[in-house]
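These are the residues of each chain, in order.
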Amino acid sequence: MEGTKTRRKKRLDRSIKVRTEGIYALSSWSEIGYLMFPRALLIVGLLILPFFLDLYWQRVICQAGIYALLALAFDFLAEFVGLVCLGGALFVGAGGYISGLLNSTFGWHPLICIPMGTIGGAVFSTVVLIPALRLRGIYFAIVSFMLPLFAVYIIIALSIFGGTEGISALDTLPNTWVEIYLILSVVLIALFLVRRLVNEDMGLILRGVKENDQAVKASGISITNYRIRAVFIAALLGSFGGAYLSHLYGWLGISLFSMDFSILPIAAAVMGGLGSLAGPVLGALILTPLSEALRGFGQLRVVVYSVILIAFIVYKPEGIMSWLQRKYQQFEHWEEV
Amino acid sequence: MENNGPFLSLKGVSKAFGGVQAVLDVSFDLYKGEILGVIGPNGSGKTTLVNLTSGFIRPDRGTVSFKGKNITGQPPHKIANMGLTRTFQVMRPYHSLAAFKNLIVPLNSPRVKRTRGGRLGDLDAVAIDILEDIGFERDARVPYKPAGSLPLGYLKRLELGRCIALQPEVVLCDEIFSGLSMSEISSLLPLMERLQMEGVTLVMVEHRLRELFRLADRVMVMNFGEKIADGPPAEVMEDPEVRRAYMGRETS
Chain U
1 MEGTKTRRKK
11 RLDRSIKVRT
21 EGIYALSSWS
31 EIGYLMFPRA
41 LLIVGLLILP
51 FFLDLYWQRV
61 ICQAGIYALL
71 ALAFDFLAEF
81 VGLVCLGGAL
91 FVGAGGYISG
101 LLNSTFGWHP
111 LICIPMGTIG
121 GAVFSTVVLI
131 PALRLRGIYF
141 AIVSFMLPLF
151 AVYIIIALSI
161 FGGTEGISAL
171 DTLPNTWVEI
181 YLILSVVLIA
191 LFLVRRLVNE
201 DMGLILRGVK
211 ENDQAVKASG
221 ISITNYRIRA
231 VFIAALLGSF
241 GGAYLSHLYG
251 WLGISLFSMD
261 FSILPIAAAV
271 MGGLGSLAGP
281 VLGALILTPL
291 SEALRGFGQL
301 RVVVYSVILI
311 AFIVYKPEGI
321 MSWLQRKYQQ
331 FEHWEEV
Chain E
1 MENNGPFLSL
11 KGVSKAFGGV
21 QAVLDVSFDL
31 YKGEILGVIG
41 PNGSGKTTLV
51 NLTSGFIRPD
61 RGTVSFKGKN
71 ITGQPPHKIA
81 NMGLTRTFQV
91 MRPYHSLAAF
101 KNLIVPLNSP
111 RVKRTRGGRL
121 GDLDAVAIDI
131 LEDIGFERDA
141 RVPYKPAGSL
151 PLGYLKRLEL
161 GRCIALQPEV
171 VLCDEIFSGL
181 SMSEISSLLP
191 LMERLQMEGV
201 TLVMVEHRLR
211 ELFRLADRVM
221 VMNFGEKIAD
231 GPPAEVMEDP
241 EVRRAYMGRE
251 TS
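If you're matching them up, the sequences are chains U and E in order.
Residues 1 to 337, numbered by this note's numbering, are exactly what the first sequence covers, in order.
Residues 1 to 252, numbered by this note's numbering, are exactly what the second sequence covers, in order.
Certain hints may be false.
What the hints assert, rightly or not - Straight-line alpha carbon distances no greater than 16 Å define the calculated EDC-like cross-link-like pairs of lysine to aspartate or glutamate that follow:
| id | chain 1 | residue 1 | chain 2 | residue 2 |
| --- | --- | --- | --- | --- |
| 1 | U | LYS10 | U | GLU336 |
| 2 | E | LYS78 | U | ASP213 |
| 3 | E | LYS69 | E | ASP122 |
| 4 | U | LYS10 | U | GLU335 |
| 5 | E | LYS113 | U | ASP201 |
| 6 | E | LYS145 | U | GLU21 |
| 7 | E | LYS11 | E | ASP29 |
| 8 | U | LYS9 | U | GLU335 |
| 9 | U | LYS9 | U | GLU336 |
Said to hold, decoys possible - Simulated coverage check for chain E against chain U, where a stretch passes if three residues somewhere in it have a Cβ under 8 Å from a Cβ of chain U:
| id | segment |
| --- | --- |
| 10 | 32-39 |
| 11 | 182-196 |
As the list claims (entries may be wrong) - Over the 10 Å line for every Cβ pair with chain U, so calculated as not near, a few chain E residues:
| id | residue |
| --- | --- |
| 12 | GLY18 |
| 13 | ALA80 |
| 14 | SER109 |
| 15 | PRO110 |
| 16 | GLU137 |
| 17 | ASP139 |
Please keep in mind that the hints were generated in silico from the structure rather than gathered at the bench.
For every residue, glycine included, the Cβ atom is placed at its ideal position computed from N, Cα and C.
Looking at chain U on its own, in the form it has when it is part of the complex:
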């Protein structure tokens, strides 16, 4: 039978990858370099990026940082705790309102209000999500998606916190450099800490809750207790984003509870690669500027945006991160069968 030769892709781990993993000791600079290079590239790349951007794009990166924190929080909860949380808007809104209100009421400096908004927003979000923690899967997702809507309607109906107008003229951060490096360093630190956390004892227990909650219960551990801690950690990330956002624009209003904060991070997480933690951060840093660049398309922006997403889901469901990882760690070549 002629012409029926088929090809398949053969993948082999690079030897340096094998030498640098598991129990083997690092024995040369090239091995250390191999491990450090991708990490260093992300860190250094992010830190020098602002120098090449004008004011407008620097602002975009600030926003991308907020979405990166939310995508990280989403990935952490979905892949390491088993909670699909669509409550990004709740975290942002709670953090933003608390920080902004503290600033407008007491006139405290943003650098004091932001940490307080972060913790206050996380406590608030966690407390309102606790009743939903008994629910599983889609039910938790629905409840977490509804809560920001409740918040918006309560604010409008009661005309509190500035009602639909919001409160403007909040203090902003000293200058653009503080703005941009604050968010970038928080993103990098959060990524580092969450990656550490999922391999600590607490992270192992959370992964246990995701994979078999019955066995965790039989091991004498309260799963509700651990879920609460996990939601609090995720909410800290989102609430920092919110608190930061209200001082970035010097304004707070109901758009802090906007659905974008719940939906866009999911898209970023899918694009970056679920379960990789760094992937969703990368996804957000690509997707947010992309969505900004597509502004020229007007209403068509959403279409272009959706097509990109669908293309990712269909052709690269593994996400950018695992694709990059594969290219970095393995040889690939076509082999005739």
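We have chain U already, so just place chain E on it with the hints.
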């Protein structure tokens, strides 16, 4: 402090799922250090009994008491922290974690923290020691393999290891022998005997009668959610009702 009453005691426990009476008015006493076998045809309520005792299901009626305390309606993690834990019929380890990392979960329970006096030390080493002790070959690096990749025999051991890590006083084993080969079972039997010698009280829900009867001090038979016999293995198997229920009607 040693009381002479039963260690674990169920009184008139019933549970219905919709119209199905899964467990009806079951009572039994378990004494410290005993091995109690629970047998019965499929659907006779054995697993439900395990769920009721370990707190995974709340009984409709009746009381469960453990070490003289009423634990009816307590959540499973509280009961586990008192020293009563269980294995599951379907093996679902934390598959993405290395086998020994599976034991980090029980090693972080309040019970273990309490007994170790807050000095936790290197939990990984403790976990690997436990696994090695129950037959994981350290040289073959089995404890380091992802739990999801282990064969069934190891998964059953891992499930027991998870219980042992909790330093339990009672372990309810839900069909720990099912799906294993004869040789795998005979390598598990000494482990169960050793647990008993170490003072762990065992309840073993089983279908494998021959192996169970080698271990059990006492056997309880269930049929349609009711307890129909309770006594030493040989005696119970002579009971005509048991023979009818469990092994089919005798031909004349």
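Outcome of the hint check:
no.: 1; hint: U:LYS10 x U:GLU336; verdict: holds, 10 Å
no.: 2; hint: E:LYS78 x U:ASP213; verdict: holds, 15 Å
no.: 3; hint: E:LYS69 x E:ASP122; verdict: violated, 34 Å
no.: 4; hint: U:LYS10 x U:GLU335; verdict: holds, 6 Å
no.: 5; hint: E:LYS113 x U:ASP201; verdict: holds, 13 Å
no.: 6; hint: E:LYS145 x U:GLU21; verdict: holds, 14 Å
no.: 7; hint: E:LYS11 x E:ASP29; verdict: holds, 9 Å
no.: 8; hint: U:LYS9 x U:GLU335; verdict: holds, 6 Å
no.: 9; hint: U:LYS9 x U:GLU336; verdict: holds, 9 Å
no.: 10; hint: 32-39; verdict: violated (count 0)
no.: 11; hint: 182-196; verdict: violated (count 0)
no.: 12; hint: GLY18; verdict: holds, 21 Å
no.: 13; hint: ALA80; verdict: violated, 4 Å
no.: 14; hint: SER109; verdict: violated, 3 Å
no.: 15; hint: PRO110; verdict: violated, 7 Å
no.: 16; hint: GLU137; verdict: holds, 17 Å
no.: 17; hint: ASP139; verdict: holds, 14 Å
The structure is inconsistent with the numbered hints 3, 10, 11, 13, 14 and 15, although it conforms to all the rest.
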